[in-house]
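Asker: Residue-level listing of the chains:
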Amino acid sequence: MSKTGSTHIKLPHSCISQKVSDIPPSGIRKFFDLLSSMEGVISLGVGEPDFVTPWHIREAAIHSLEKGYTMYTSNQGLPQLRQELAKYLESCCGLSYDPENELLVTVGVSEGLDLALRAILNPGDEVIMPDPCYVAYPACTSLAGGIPVQVPTTEKNNFKVTADDIERRITQRTKAILIGYPANPTGAVMVKEELTQIAELAQQHNLLVISDEVYAQLVYGVEHTCLASLPGMKDRTILLDGFSKAYAMTGWRIGYAAGGQEIIKAMTKIHQYTMLCAPIMGQMAAIEALKEGNSEVGTMVREYDRRRRVMVKGFKNIGLSCFEPRGAFYAFPSINITGMTSEEFAEKLLMEEKVAVVPGSAFGQCGEGYIRCCYATSLAEIQEALKRMGRFMKRHHTR
Amino acid sequence: MKQIFEALEKDARLTPEQISAMTGIPAAEVKKTIKKAERDRAILKYKTIINWAKLGEEEVWALVEVKVVPQRGVGFDAIAERIYRFPQARSVYLASGAYDLAILVAGKTMQEIAVFVSEKLAPLETVQGTVTHFILKKYKEDGEILQGGEGIKRLPVTP
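Residue numbers (the numbering used here), protein chains in the order written: chain L, 60 to 458; chain V, 776 to 934.
The set of hints was computed from the structure by calculation and includes no laboratory data.
Any given hint might turn out to be false.
Claimed, not checked - Residues from chain L shown here face chain V by an in silico Cβ test under 10 Å; the list is partial: (1) 90; (2) 95; (3) 102; (4) 105; (5) 108; (6) 309; (7) 312; (8) 365; (9) 366; (10) 369; (11) 377; (12) 378; (13) 381.
Unchecked claim - Chain V is faced by these chain L residues, among others (derived, beta-carbon under 8 Å): (14) 75; (15) 79; (16) 107; (17) 368; (18) 372; (19) 415.
What the hints assert, rightly or not - Pairs of lysine to any residue residues, derived as SDA-like cross-links and limited to a Cα-Cα distance of at most 25 Å, are as follows: (20) V/785 x L/356; (21) V/913 x L/110; (22) V/928 x L/376; (23) V/777 x L/355; (24) V/777 x L/437; (25) L/219 x V/928; (26) V/777 x L/217; (27) V/777 x L/85; (28) L/375 x V/928; (29) V/785 x L/439; (30) V/928 x L/85; (31) V/829 x L/356; (32) V/822 x L/356; (33) V/915 x L/114; (34) L/372 x V/928; (35) L/375 x V/829; (36) V/915 x L/439; (37) V/806 x L/376; (38) L/350 x V/918; (39) V/928 x L/360; (40) L/372 x V/809.
By construction, the Cβ of each residue, glycine as well, lies at the ideal position given by its N, Cα and C atoms.
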């Protein structure tokens with residue numbers, strides 16, 4: 060007899076859709092399983108701030124709960140939050156979005172990305188995106204019935220995608236360009252002139268651009284340019300952003316999409332049937348973040364910048380070449396010198412020195428030969444990790 | 776240059792080399808800047824925040840409100856100076872409101888503080904009155920939460 064709860068029934072293979080079966084599991088998750096059984100590990104494998112959400116934001120959410128704000132909100136999100144978002148986009152990028160029709164509050168940027176792709180893609184439509192890129196870009200494109208077309212980017216070009224390289228991959232089926240700068244996993248930032256070339260290309264070929272700008276506020280010594288703010292781009296761009304990274308609010312799951320009325324309407328249609336609305340507590344917290352959270356963002360950015368410098372210099376000192384990341388909170392050093400693959404390197408480093416990093420190959424073929432190291436970790440931990448990695452490099456420095 | 780002091784204020788044990796790595800300012804320049812700030816008393820001293828209770832050491836603190844008569848020509852400064860020279864007075868502030876000087880007093884025992892207030896502070900000529908509040912528990916000091924704190928709750932690997 061089988062115990063209750065355990066099942067011996069073999070489900071037919073076909074019970075999982077072909078589309079889902081075809082998608083590889085996230086390379087980041089694989090590492091998580093390995094790690095969860097180990098102790099004393101310093102993890103540079105995270106993708107979120109080590110700061111806790113600033114207290115006044117948490118306090119505002121607590122207050123809203125006390126007041127009984129526990130209901131659904133309108134599908135598009137609380138009107139006050141959309142008004143604050145419109146004000147924010149006006150002041151930071153000079154963009155004027157109508158809170159009624161051009162903004163949608165989503166469950167993190169992740170949902171926004173999914174909605175955007177599902178709203179615009181017909182089966183077989185192609186989406187051009189950089190390689191390496193955030194793990195969800197190709198996966199969500201495939202899930203939405205599209206075909207991800209990846210443009211290799213290289214360290215030589217500071218992991219920026221060029222308009223020329225994109226143009227070579229444009230076909231009759233190309234529907235959109237999907238970019239995310241400042242970039243996860245590389246920390247690359249694209250400046251205004253470079254983005255302008257992509258914007259012009261999109262206009263020439265009548266393409267949409269999905270721009271994931273969740274790291275927009277985390278830039279160091281360069282200015283972030285919002286793609287939608289470039290001439291002629293507002294209606295062509297689906298701008299995705301959220302509160303997770305800049306305000307240290309990952310667990311609240313609040314993001315937003317800004318774009319042309321038609322697209323936002325289509326995205327809202329999917330959102331209302333699948334998600335209904337983003338959680339009200341998170342939306343309440345987001346209002347407070349927008350109204351009062353600016354000084355904390357500045358403090359966190361300054362702290363990340365200190366850590367960034369220490370990490371990049373530290374890598375160079377132990378023989379890992381690393382281009383200077385100017386945004387997000389990742390460094391992406393080359394491990395070429397060891398002759399190992401990214402996965403071998405990451406596994407060995409974890410086993411031998413208990414430092415967790417994410418193999419660059421998890422983010423695409425062009426990430427092979429690199430590792431993603433997050434510097435949203437205390438300076439003491441970064442310094443200890445560098446010490447351990449220095450020992451590791453002495454043993455494995457082969458080339 | 777502000778970055779140098781921001782880094783030091785967080786961790787006084789940082790070496791000029793470490794600060795240089797954090798800020799991108801050459802180590803020699805960091806050293807020079809710190810030396811100058813020490814000379815100018817922009818940096819007063821380097822201290823450690825110790826949670827004495829955790830070490831099992833008894834320590835008593837009191838916040839003493841002092842009402843004084845300001846003196847012609849020197850205002851509150853002269854009396855403040857008389858008071859801050861006592862080593863028991865760890866911090867001395869001029870405050871607005873119901874009283875004039877707020878003094879943080881530390882001692883080994885309540886008795887020690889009581890003696891200081893009644894025999895040193897209260898008898899001073901321009902002191903009109905004092906109110907002593909003994910500190911019952913310290914929750915946060917110099918920006919540091921003494922017990923509990925936030926802790927790390929994030930997962931070791933996340934996207």
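Asker: Next, verify each hint and record whether it holds.
Answerer: Hint check results:
1. 90: OK, holds: residue 90 of chain L within 10 Å of chain V, min 5 Å.
2. 95: Holds, because the Cβ-Cβ distance from residue 95 of chain L to chain V comes to roughly 7 Å (cut-off 10 Å).
3. 102: holds (4 Å)
4. 105: holds (5 Å)
5. 108: holds (8 Å)
6. 309: holds (8 Å)
7. 312: Hint violated; residue 312 of chain L Cβ to chain V Cβ min 13 Å, cut 10 Å.
8. 365: Cβ of residue 365 of chain L sits 4 Å from chain V, so the hint holds.
9. 366: The hint holds - residue 366 of chain L has a Cβ within 10 Å of chain V, the shortest such distance being about 8 Å.
10. 369: holds (5 Å)
11. 377: violated (13 Å)
12. 378: violated (16 Å)
13. 381: violated (14 Å)
14. 75: Hint violated; residue 75 of chain L Cβ to chain V Cβ min 22 Å, cut 8 Å.
15. 79: The hint is violated - residue 79 of chain L has no Cβ within 8 Å of chain V, the shortest such distance being about 18 Å.
16. 107: holds (5 Å)
17. 368: holds (5 Å)
18. 372: holds (5 Å)
19. 415: Holds, about 6 Å.
20. V/785 x L/356: holds (18 Å)
21. V/913 x L/110: Cα-Cα ~23 Å, so holds.
22. V/928 x L/376: The given pair, whose Cα atoms are some 31 Å apart, is violated under the 25 Å limit.
23. V/777 x L/355: holds (17 Å)
24. V/777 x L/437: holds (20 Å)
25. L/219 x V/928: Since the Cα atoms of residue 219 of chain L and residue 928 of chain V sit roughly 34 Å apart, the hinted pair is violated (cutoff 25 Å).
26. V/777 x L/217: violated (30 Å)
27. V/777 x L/85: violated (42 Å)
28. L/375 x V/928: Not satisfied, since the Cα-Cα distance of roughly 31 Å exceeds 25 Å.
29. V/785 x L/439: holds (12 Å)
30. V/928 x L/85: holds (22 Å)
31. V/829 x L/356: violated (33 Å)
32. V/822 x L/356: Measuring from Cα to Cα gives roughly 28 Å; hence the hint is violated.
33. V/915 x L/114: holds (15 Å)
34. L/372 x V/928: violated (28 Å)
35. L/375 x V/829: Roughly 41 Å separates the two Cα atoms, so the pair is violated.
36. V/915 x L/439: Measuring from Cα to Cα gives roughly 22 Å; hence the hint holds.
37. V/806 x L/376: holds (21 Å)
38. L/350 x V/918: Answer holds: residue 350 of chain L to residue 918 of chain V is near 24 Å, not above 25 Å.
39. V/928 x L/360: holds (21 Å)
40. L/372 x V/809: Satisfied, since the Cα-Cα distance of roughly 22 Å is no more than 25 Å.
Violated hints for the displayed structure, listed by number in ascending order: 7, 11, 12, 13, 14, 15, 22, 25, 26, 27, 28, 31, 32, 34, 35.
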